[in-house]
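Asker: Here is what each chain is made of, one letter per residue.
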Amino acid sequence: MAYVAVKGGERAIDNAHRWLAEERRGNPEVADISTAQIAEQLGRAVDRVMAEGSLYDPSLAALAVKQAQGDLIEAAFLVRAYRTTLPRFAAAEPVDTAEMTIKRRISAVFKDMPGGQLLGPTYDYTHRLLDFALEAGFTPPAPAEIPAEPEAMPRIHDILGGEGLMEQDAPSDAEPFDITRAPMQFPAGRDARLQSLARGDEGFLLAMGYSTQRGWGGSHPFVGEIRVGSASVDIVPPELGFAIDIGDVELTECQMVNQFAGSKTQPPQFTRGYGLVFGHSERKSMAMALVDRALRAAELGEEVKAPAQMQEFVIYHCDNIEATGFVEHLKLPHYVDFQSELETIRRMRADAEREMMQQAAQ
Amino acid sequence: MAEAAKTPRQIWMSVLARASAAELHLHLQDAPQLPDFRTLRGPEAGLVMVRGRAGGGGAAFNLGEMSVTRCTVRDAEGRIGHAYVSGRDAAQAELAARIDAALQNPDRHDALQDAVIAPLAEAQSAARQLIQRKAAATRVQFFTLATMRSDS
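Here the protein sequences come in this chain order: Y and C.
Just so you know, we're using the working numbering here: the first sequence kicks off at 115 and counts up by one.
Just so you know, we're using the working numbering here: the second sequence kicks off at 264 and counts up by one.
Mixed in with the good hints there might be a few duds.
Covered stretches of chain Y, as calculated for chain C (at least 3 residues, CB under 8 angstroms) [said to hold, decoys possible]:
| id | stretch |
| --- | --- |
| 1 | 289-299 |
| 2 | 308-316 |
A partial selection of chain C residues facing chain Y, derived with a Cβ cut-off under 10 angstroms [unchecked claim]:
| id | residue |
| --- | --- |
| 3 | L289 |
| 4 | M312 |
| 5 | M329 |
| 6 | R333 |
Worth flagging that the hints you see were computed from the coordinates, not collected in a lab.
Even for Gly, the Cβ is constructed at its ideal location relative to N, Cα and C.
Pulled out of the complex, with its shape left as it was, chain Y reads as follows (with noise of 0.2 angstroms):
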């Protein structure tokens, strides 16, 4: 495959690109919308384009979806090209979700979980009738208000642990994977799986996470916790040896059950599936989580049949960027390759026909 520069369209481009931007202003007498009122607003666009763009900053990501016209992969795809304009100044410590301050936090498996559940601001048990008190402008009554002390809200396998009917996490302080500054190599470690998974495309990681759940490489989840909330972010720099503390980002987690038979070396026990996404994300981190535990099918001795327990297919085409570059590169001139490939239909197409009158001619 060849590609040929081809001049000539510099005004063409120039203008359509001027075009582009009235067209994204919109109408002129409607109000222009602000990025304040994007990141206000519009939080869940904002926070898949973080999850997605790999890169947490509300404010530019509105920008981003502001000038991708609510086009969250072409949003996504600005924040990702920002990002690699900076330079990175550290690694932070593992954030620790069970210290969150937390929003929402459900389980599925346990009604009466220390610590409680909390719905949160959730879209569940709403009806789905659109509102059109939204449309007129609406300012919403102030939440409900109940003191609350502090409380802790373990984690769903430190709950069951005891009885060793759940996997464990196996604690390490080893140096992860960084797909961003390494090649991808197979088979891929979970920390550069989970990495991937992250940053994956949200409509991709839900198609795989359901075929999962439609029998191709099930593992029979339940939602274990799901838990929303904000995480303080520490970092040691090196100038001051001791840790800091940077900031907070918004985190949702899924902790997703999953049965699991036994192998030789462990009894029969639960195992689990880890979702960890930036932002209010419970489709994402859900979807994570089941692709997490169907990508560890060879290590728990699993047969490896389907799509989503095949990290190579899973882990190389859940990213939203790099399919779109690939699938929108068709768009480029591709004049002289196609020159070629028509050249080549019409010579197979005289030899054909010389060959059936030869044949006729018999």
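With chain Y's structure known, arrange chain C on it following the hints.
Answerer: Below, chain C without anything else, positioned relative to chain Y:
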């Protein structure tokens, strides 16, 4: 990092990291003027790689980056202040570094602590408590319905 285990400097740095430049300016009006300073580095924008742990408590993995601004200053009294703050607010990072330097001076510490750190810490804590109270109002209070059959 558990709050109880933090040193005073770690606490004030975490408070400064969560305060906007506007908030810092506002509270600095109630304190003696900060000493003159020279920037040794920045303020400059960069990234910090945020990490999680597989399963919540297992091996670390890279989750994604966050934007961070850092600044280092030396003030006229010879003290060096550092700031690393989330986001891209250069004015916040520079002020946070200047306040960090000044807070290390015992002659200035108490006034700044009272005028800047204490009220900001209180506001930040109040914001967290507000979230906890709203969350508590959405706590599910389960009760069991005893079903009775009348055809026995």
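Asker: Under the constraints set out in the numbered hints, which ones does this structure not fulfil?
Answerer: 3
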